[in-house]
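Q: Chain by chain, the residues:
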Amino acid sequence: MDKMPKWADVVLIPLISLALAAILSALVILGIGEDPVAAVKLMVDGALGSTYGWGYTLYYATNFMFTGLAVAVAAHAGLFNIGGEGQAMLGGLGVALICLLIPWPHWSLALVFAALGAGLFGAAWAAIPAYLQARRGSHIVITTIMFNFIAAAVLNYVLVNVLRPEGSMDPATERFPEAVHLPSLHELLAPIGISFSKSAPANVSLLVAMGACLFVWLLIWRTPLGYEIRSLGKSEPGARYAGISPVRTIMIAMLISGALAGMMAVNNVMGEAERLVLNATEGAGFIGIAVALMGRNHPFGVFLAAILFGFLYQGGAELALWTTIPRELIVVIQALVILFTGALDNMVRMPLEKIFLAVRKGQR
Amino acid sequence: MEFLTIIQLLDSTVRLATPLLLACLAGLYSERAGIFDIGLEGKMLMAAFFSAAAAAVTGNVWLGLLAGIGSSLLLAGLHGVASITFRGNQLISGVAINFLAAGLTVLIAQDWFQQGGRTPSLFGGGRFAGWEWPFAIGPQDAAETGTSVSRLMAEANPLQQVYSELISGHSVLVYIAFLAVPATWWVLFRTRFGLRLRAVGENPAAVDTAGVSVTGLRYGAVMICGLLCGIAGAYLATALQAGFVKDMTAGRGFIALAALIFAKWRPWHAMGACLLFGLLQAVALRFQNIEMGGITIPVQAMDALPYVLTVVILAGFVGRAVPPRAGGEPYVKER
Numbered sequence: 001m002d003k004m005p006k007w008a009d010v011v012l013i014p015l016i017s018l019a020l021a022a023i024l025s026a027l028v029i030l031g032i033g034e035d036p037v038a039a040v041k042l043m044v045d046g047a048l049g050s051t052y053g054w055g056y057t058l059y060y061a062t063n064f065m066f067t068g069l070a071v072a073v074a075a076h077a078g079l080f081n082i083g084g085e086g087q088a089m090l091g092g093l094g095v096a097l098i099c100l101l102i103p104w105p106h107w108s109l110a111l112v113f114a115a116l117g118a119g120l121f122g123a124a125w126a127a128i129p130a131y132l133q134a135r136r137g138s139h140i141v142i143t144t145i146m147f148n149f150i151a152a153a154v155l156n157y158v159l160v161n162v163l164r165p166e167g168s169m170d171p172a173t174e175r176f177p178e179a180v181h182l183p184s185l186h187e188l189l190a191p192i193g194i195s196f197s198k199s200a201p202a203n204v205s206l207l208v209a210m211g212a213c214l215f216v217w218l219l220i221w222r223t224p225l226g227y228e229i230r231s232l233g234k235s236e237p238g239a240r241y242a243g244i245s246p247v248r249t250i251m252i253a254m255l256i257s258g259a260l261a262g263m264m265a266v267n268n269v270m271g272e273a274e275r276l277v278l279n280a281t282e283g284a285g286f287i288g289i290a291v292a293l294m295g296r297n298h299p300f301g302v303f304l305a306a307i308l309f310g311f312l313y314q315g316g317a318e319l320a321l322w323t324t325i326p327r328e329l330i331v332v333i334q335a336l337v338i339l340f341t342g343a344l345d346n347m348v349r350m351p352l353e354k355i356f357l358a359v360r361k362g363q364r
Numbered sequence: 365m366e367f368l369t370i371i372q373l374l375d376s377t378v379r380l381a382t383p384l385l386l387a388c389l390a391g392l393y394s395e396r397a398g399i400f401d402i403g404l405e406g407k408m409l410m411a412a413f414f415s416a417a418a419a420a421v422t423g424n425v426w427l428g429l430l431a432g433i434g435s436s437l438l439l440a441g442l443h444g445v446a447s448i449t450f451r452g453n454q455l456i457s458g459v460a461i462n463f464l465a466a467g468l469t470v471l472i473a474q475d476w477f478q479q480g481g482r483t484p485s486l487f488g489g490g491r492f493a494g495w496e497w498p499f500a501i502g503p504q505d506a507a508e509t510g511t512s513v514s515r516l517m518a519e520a521n522p523l524q525q526v527y528s529e530l531i532s533g534h535s536v537l538v539y540i541a542f543l544a545v546p547a548t549w550w551v552l553f554r555t556r557f558g559l560r561l562r563a564v565g566e567n568p569a570a571v572d573t574a575g576v577s578v579t580g581l582r583y584g585a586v587m588i589c590g591l592l593c594g595i596a597g598a599y600l601a602t603a604l605q606a607g608f609v610k611d612m613t614a615g616r617g618f619i620a621l622a623a624l625i626f627a628k629w630r631p632w633h634a635m636g637a638c639l640l641f642g643l644l645q646a647v648a649l650r651f652q653n654i655e656m657g658g659i660t661i662p663v664q665a666m667d668a669l670p671y672v673l674t675v676v677i678l679a680g681f682v683g684r685a686v687p688p689r690a691g692g693e694p695y696v697k698e699r
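Sequence lines, in order, name chains A and B. Numbered by the numbering used here, the letters in the first sequence go through residues 1 to 364 in order. Numbered by the numbering used here, the letters in the second sequence go through residues 365 to 699 in order.
These are calculated hints, taken from the structure and not from any lab test. Heads up, some of the hints might be wrong.
Facing chain A, from chain B, some residues (calculated, C-beta under 8 Å) [stated by the list, open to error]:
#1 R451
#2 L455
#3 S457
No more than 27 Å apart at the CA atoms, straight line, and that leaves these computed lysine-lysine pairs for BS3-like [claimed, not checked]:
#4 A:K3 - B:K697
#5 B:K697 - A:K234
#6 B:K697 - A:K361
#7 A:K198 - A:K41
#8 A:K234 - A:K3
#9 A:K234 - A:K354
The beta-carbon is built from N, C-alpha and C at its ideal position, and this holds for glycine as well.
Just need the whole structure built from these sequences, with the hints factored in.
A: Structure below.
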């Protein structure tokens, strides 16, 4: 059977799915008695109309790049890592411990070690579900869901009973020292003469996230390990026949995935809040699923999808601020994106394949 | 611990286990037919909102129940279309349904009631009241003797305490949930429909060869799942609590999923697992930190215990949990 051209698979199908999600979202906005055109205008203005808006959009996008990459790497190995949320929470714990326990001389050194710590904690949290999947065949989706809840309980315990400063009622750590303050985009861009909003939280972690995109691209398509991961994802018997150890590959893929999810904490814990609070992840682990699906598990696609979701997040916040539309509109849009690009993929693909087939027959 | 305290703890165990049990049985039908469903949470949440909203508007809790079931069935249909007709990834579809419910409920609630994403509080006919059994101690006796129910209960003999506190006084949905256990066992293991439903989760090709519609059976199972999730959600919003609040399912759909694995996809064991998890919730609600032999067990450990136990079961350390063989796989007819 003839296949579709690659550009249709990579560009056309996601665009149609996205358009369907957008149309339905517009209908939802109409349904609650608001004007979708005005809403979109407000979102674009609020998220992209000023460097303040861009600062928030890029801040959210940084979170989503990490979690999106985490889901994508696991997906290449044929694993659905739904535990990004828990891994990111534990990553936050790693960042907090490193920033609070060690007196760092300069932020750059602190950043390197905080990223390592976050990655290590995230990877450790992914290691148990990975081991259980590889060795004992426990379904990784279920175990990672369970580990999300366990992570929430662990973090709750640690923040309430261990890391909470004396006399504070708030379940949060104390503020990180001034030395580990990560420069914001304002501080980074001011020396080269670009004025960027001072109060937006986007910071140097954005560059780390972009570096992570590049790293994942190199890893998946330019290294033997990436080849092994992709072969395992395509066919386990085939990979086994080629001498690839499924156990080893599953472990490595999940450890990298968990580390990427954990490294999100560099942005939200170290770069923005500068202390660890309860529910610091704000669902970014789950948004990673939508980002990876939309980006077709390709780092460049993840990069673009993360910015789109950053825009949705910031735009949605502006909507909630200026209209009566609650922030949960973003959750609905996110659900529709996951639904159309993930679960209902064949609904778009099947008729499109028929059209391409018919056109080709017509040409002959 | 006093005897009455234990009985009261068991009483709240039953109340907390009921939504878990309904959702767990819902997942049981779906997964036995080969359709994984991590969207139990979303369907429950949607039903909780629409049952509370309809009950608030009409003042009739039965209409609320119907609205809840209807909304849950719609989401179940969506799951069916995605995972059966279009052979999409069942797990991704479930994730989407959870988000759809989490977002839509707050969005619609805000639009209808303008109370920050919740429904007005329900009272009177808008709620499922407890069923007072004959000879049980209830509000009526309290009014006649001029004392409080808790006082009368404390003075009653142990048998009467068990009868009045634990067995009597629940809403009708609690009894439905516990009757659904033998009913499910009977349907799955004693009827032709149940045999085929289980077969379609193990080997759909064989069912297809026998001339039975795989698609039809799977849709049937998914819809039964929607029905039960609808009752579970309505119970949350109109019986356990008086109205809908944002994210009120609070992970119960996932605990139900955990209970299903714990029970290894069997109805009676599902009841046992849900009662166990309900007991854990009841204990965590009643006692914040538990002293045991000089060691304090923090409340967070009790919260996490169902999930930890499930991972242990899944790992096969306490007997192996083998899911239906064709679970998660869309069925493609051979040509």
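Q: Hint by hint, note whether the structure agrees.
A: Results for each hint:
no., hint, verdict
1, R451, "holds, 6 Å"
2, L455, "holds, 5 Å"
3, S457, "holds, 4 Å"
4, A:K3 - B:K697, "holds, 20 Å"
5, B:K697 - A:K234, "holds, 22 Å"
6, B:K697 - A:K361, "holds, 26 Å"
7, A:K198 - A:K41, "holds, 24 Å"
8, A:K234 - A:K3, "holds, 17 Å"
9, A:K234 - A:K354, "holds, 24 Å"
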